[in-house]
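**Student:** The residues making up each chain are set out below.
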Amino acid sequence: MNVLEISGVEKKYPGVVANQDVSLQVRQASIHAIIGENGAGKSTLMKILYGLIKPDAGIIRAFGNEVNLKSPQDAIALGIGMVHQHFKLADNATVLENVILGSEPTRFGFLVKYDEAREKLKEISKNYGLEIDPDESLANLGVGERQRVEIAKVLFRGAKILILDEPTAVLVPQEVAELFANLRELVKKGLTILFISHKLDEVLSIADEITIMRRGKTVASRKPSNTSKKELAELMVGGELPKPKVGAAKISSSSILNIKEASYSRFDKREILNKVNLELHGGEILGLAGVEGNGQSELVELIMGLIQPSSGSVEILGMNVASHLTKDIRNAGVAYIPQDRQRDGLLMTAPLWENRILGHQFNSPMAKSIWVNKSAAVEGSKSIVAEFDVRTPGTNVLASALSGGNQQKFIVGRELSGDPKIIVAAQPTRGVDVGAQAIIWDHLVQARSKGAGILLVSADLEELFSLSDRIAVIYNGSIVSILNPRETSPEQLGLAMTGASKS
Amino acid sequence: MTKSRVFWAVVAPTAAIFTSLLFTYIILKIRGVDPIEMFRLMISYGFDPRNLVSELNQTVAYYMAGVAAAIGFKMLLFNIGIDGQYRMGAFFGAVVGAAVSLPPILHVLVIILTAMLAGGAWAAIAGYLKVRRGVSEVISNIMLNFIAAALIAFLLSPSIFGILPEGTQVLQTRSIPASGRMPTIKAFDGEIYTFLFLAIFVGVSYWIMLNKTVFGFNLRATGLSFRAARSSGVNAPGMIFVTTVLSGAIAGLVGIGTLLSDTHNYSMAFPSGYAFTGLALALLGRNHPVGIFFAAFLWSFLERTAPVLEFEGVPPEIIIVLQGTIVLSIVVAYELVSRINLRQQQRAVGSVSAEVIDKDSKSVKETK
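Going down the list, the sequences are from chains R and H. If you count the first sequence from 1, position 123 lands on 113 in our numbering, and the numbers rise without skipping. If you count the second sequence from 1, position 319 lands on 320 in our numbering, and the numbers rise without skipping.
Chain H with its partners taken away, still in its complex shape (with noise of 0.2 Å):
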């Protein structure tokens, strides 16, 4: 059983990106343009050591956004606020860790743990929102993004946090110094963040928790069913409270890569979107920390070889459609195997119920 769930869970994701990549195919085709050549020039660009690099770096701050989704979507929430959480977590980790002086490894520590407190603080109002006046966190979450933004926006004028250097248009917070930066690996040209061990760690510790654990069993057990939880003795409203803050911990990590790597300081120009991609990646992860891995390595991968398709005079966007393909028919596969799953086991409980039958019936038999 437990082989036949692997396969399965390795079968169903593989088909739907077949399936998307059949249906990108046709758009191709219609276009004009040779689709197998087009996937030729997209692997070799994406594989290609330096775009490998940047991918590689992109992925860390999108499994960072698939983690945070997946452990809210564990407790059936819908964290749609992970911009807003990333977006806390990242100025403040810039403003935090611009603003003191400490040792270099300490100082990093400092960041990063202001960044998660940042994220999982905004995250706690939906939180609240949700357990106490049952308000939708869908709701809450979208209107503290844009809360979230323009709370920045006025935090980073010049006068507060924010700075201007000359011969630039963009506002930003002041730079961390040397002592708070993580360090990289140059690899091809480029370099890659160490910030990727980091995550990996979080992702691991994320499956250990919430798998080994009476505390991850809890939260589990609340996302499937308030009530059986609730009655087993789990305090259910408030594992679903923690769950929103220590997802929007994760959510507040999101940007902590590129910020102590690489920019060292938070600036207007810090991408969005990281809500509707996380979710994404959760779903076709399948909330599992290695499968979420090579999904946010799919997507960096898809977006990074964009470009190419824009050489052969295609529609970047066309990568778009194929992301969401690959996500609707994820849906539809993982929807199919629960329930090939489950009539399966039906099937085994009815065999053992069905002998038991014939027995009876035979021992009914013998003493008449």
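Looking at chain R on its own, in the form it has when it is part of the complex (with noise of 0.2 Å):
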């Protein structure tokens, strides 16, 4: 029996199709994977499902009746409910708490029957094997237990479907394979699952039926059976899936980063990077490995000179950052690719050709002594919207008009610009295209061979296999160990991360 089917849904934007000729068939108790590029348009079928956006066409049957959904809270009466990427929880409550928040039961309306919905929390989590403990902290919880409350949360509410968008994108193998258990039982108590992903190996161990979605279209259907990976990511990129062209490094002696003991506490005296050690050669690609969270953002700001060390020290092309500006780092030569694209790394409601002078403003050709050379920055800004084929009208446009994946290729080609010597690249690849990401692998690469060592901050192991010479894994503010990448699989890779082979 179908408890969900879809046809014919559209959805447009303003020069932008997000949905077209959508359909989907989903079987009760089942599990669905859709998955797609970013940007396939699997975000806005779900909202659509979740009542978050109205579709501009077609039908929607939920549990055999035509359904209109103008709001969540119409698809939580129905029994479809979201696990969503980014965890909406408060860290300073309890589970029970968290669960129960926005959907109380109270007695005369006011006061909250806790009693009963800590056993109706229980008897879920015993169910459903999800085995969390009602009145434990949040705050206590690691990522994988948080993501159980999430689908507690909405068990709770009485769901009989669930959304989950890239449940395991913030999840290391291990945690990924409990997530997996967790899945397989509800499934088996009749619930309903729509799995969000872009990883194909997960979605192929986990998945009854497969939807690909292509440009805001669903483009075929499989099953796992009778699939292949190569055959999904070809139905999903249209095309043969890009892989980067690594070639033989030739990596110099000489470090040109080099980190000696280097703490940093934050202003609430946490210490969230101890004792540090690490260094970069010239022409060598080195990966950072790590769940999020583990202290690479500071480490990134550190070397950017952004933040200072607490002790020890961090050495970049022969200058000490204590006492050097980032001004100065950047003009040495140090490019800066920073993993919040749009806060950090652009004027969103400038044009893109200033974009273009952002961080180079400091030198020649983008400033002629006082003066800005804005014949410069366009020319400039031209060439990168061709050579990394940034989709764009023209340079006088303002970079919020652009989607993410342009966003982020003109600032990789920004920051490569001028032959940088050091390229720190936090998320290079995040949120953007497979084509967007192959180009600016390949640019990479190439910097690379032009002899730039680079630090590739990354959360994608795939990437980090495929790109780095070395792996650099940092758990808990430390590095824990550094890894090659042809000698290491990707289970020992993620048991790094968890910090297991240090204790």
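Some hints could be false.
Claimed, not checked - Footprint (simulated), chain R over chain H, 3 or more residues, beta carbon under 8 Å:
(1) 217 to 228
(2) 234 to 243
(3) 345 to 351
Just so you know, the hints here were simulated from the structure itself, not pulled from any lab data. All residues carry an ideal CB built from backbone N, CA and C; glycine is no exception.
Two chains, two frames, some hints: make the complex.
**Tutor:** See below:
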């Protein structure tokens, strides 16, 4: 029996078709994966199903009836729940409080029936094998446990269909295995799961049915038993899947970045980095792996001189960052691709040509003595647009008008201009489509063969494995191991990322 | 695209002014006054040459306040301290100007520099508090306005810098000697302050600094995104401080036209309220030196014509209502324009992507 049937769903934004001809049949008690590149329209479809967006056309039937979802409340009432990629939980409350927040069972309409809620949550936890303690403080929970709380939250509201938006993006391999066990348990009990992802291995191992989306349309459906990773990838991309072509490394012997025993404590005295030692040579790509929030961002900011080490030293191109400004570090030839492109990498309400200047405003050709060189900036941005295939009608449009992937291509183009000696690249291909990813990888590898040293911070293990010459693993503010990607399996790397190898 | 931007930049304020005129029209109608006749009277009175001269002189002061506010706006700073900075500038300009004796042009320059220094230094307090202590510049500047007024009142006591000329009740500083005064241009029984040209020069320099220099780029970048500017190598907190001081230095010039061409001394009779006016004018003129100039002229024109209303039995406060509705409608109009612009751009970007998608899907079909 199909619990969910969608046909001909369409959603258009000015100039952009987010969904078109989308059709989907989801069987009860199955795990139905929806895969596609970033920007293929997966999120739009899920938002439509959860009542966050109203489609322009199309029919949605849930549990046999045609439905008109006006808000998430409608969806929840129907039994459709959503587990967001970014958790929406309060750190300083207990698990129980988080779960019932917004749908508290009450007496006389204002007294919360905690005992009843606790019993109900315990039962859910037991029935579905979620293993969560209602009275635990959320602050003590790890990422995997938090995700289970999110799932419990949805179940508590009586969901029969669960939408999971990229649930594995924040998990290490071991946690992914646990999550999958949980999901199987849920399906056994008759629930239905919509699983959104772009990781093919995971989808092949967990899903009963896979629907592929490309450019806003559902292009095909497959069963894992009669498809392959290669076919799925080609369906997703509409062609061959790009792979970075990494040539032999010509690593120079002298280190251009030398971090010695560097520690960093935040304003609240919490130690974020603890005696980090790291060395980067010219001509190599050093990957930095780690579960998000283990000090990667701070390490990058330390290197860029945006924060100062509380002890130890960071030496970059022979300069001690303690006595140099970010400006000096940039001028010496350090490029910086920040993790949060919209906040750190762009002036969103400024035109592209002005964004071309950003980070280069202290040097020729973008600056001529005290003057900004507009013609050089316009020329420079035009060549980035051409070389990196940035999709824009011109260099006068505001950065905010571009899509995320195109913004990222523009930033990478800008940072790689002028032959930098060191490239600090934080999540350089996050949220960009496969085509853009290939372009960005190509240019990073080119920069490496020109002798640049690259620090590649990434959450994408495949990217780390295929690009890096060495992979440093950061856990809880320390570098716990440095691995050779050719002699390491993803499982070993995942284990190192959880800090297991240390204890 | 640039053409349409210029078009909207003119349409938005015009529409806002018409909206507020319509609003005033209704109010006058309710009062039982013929609005058209009233507007006609205001215009003929306002454009009378003699009145034009004094409107122009008032415009100069408003213009400086507007430019000072605009520099702050570019950094997302709400410089409500213009009032205090202007008082400090005018007062210390007057005191120093009366105390030194120098050859003519140099004397004037010293007074102007002193005024800028005093205004800038006063603003620096707010700048320091913001950058180092995280104190909102709005709060500290409001306090600093009161402190400046009280401090000057104290310094104006006869035992310190003040004098009380016989036959008057107003404490004032000693008069600046002739060498420290700016000439005026005689026109229609009135005298135009030559400080007008200096004000225009300041406005143009502001625009060039902001749009053509690296310093201006860094300033705007910090205003648009503190974090992006910092990541690009700009000393963003430093930029905030410097901008605050710069805004204060220009605010220090607000009273200089009157001081050097008219009163030649600072007294308690110097008007207040330049902060709010300056902020409104920067908003109305969209932080552009030409726009602010027209806005400043409009403001002094309206204020000058207020008495006409009184002759007709309409309270002159209606002008304040008119000014208020202009500012309110301009904010709405600019917001609308920027949304229209963004939507146009997104559509343009979307059509480019759509073309590429079409091409891609064709090539996919061909390969199959």
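**Student:** If a hint holds in the structure, say so; if it doesn't, say that too.
**Tutor:** To see whether the hints hold, each was checked on the structure:
1. 217 to 228: holds (count 8)
2. 234 to 243: Since three or more residues must qualify, the claim that chain R covers the segment 234 to 243 of chain H holds, with 3 doing so at under 8 Å.
3. 345 to 351: holds (count 6)
In the structure shown, no violation is registered for any of the earlier numbered hints.
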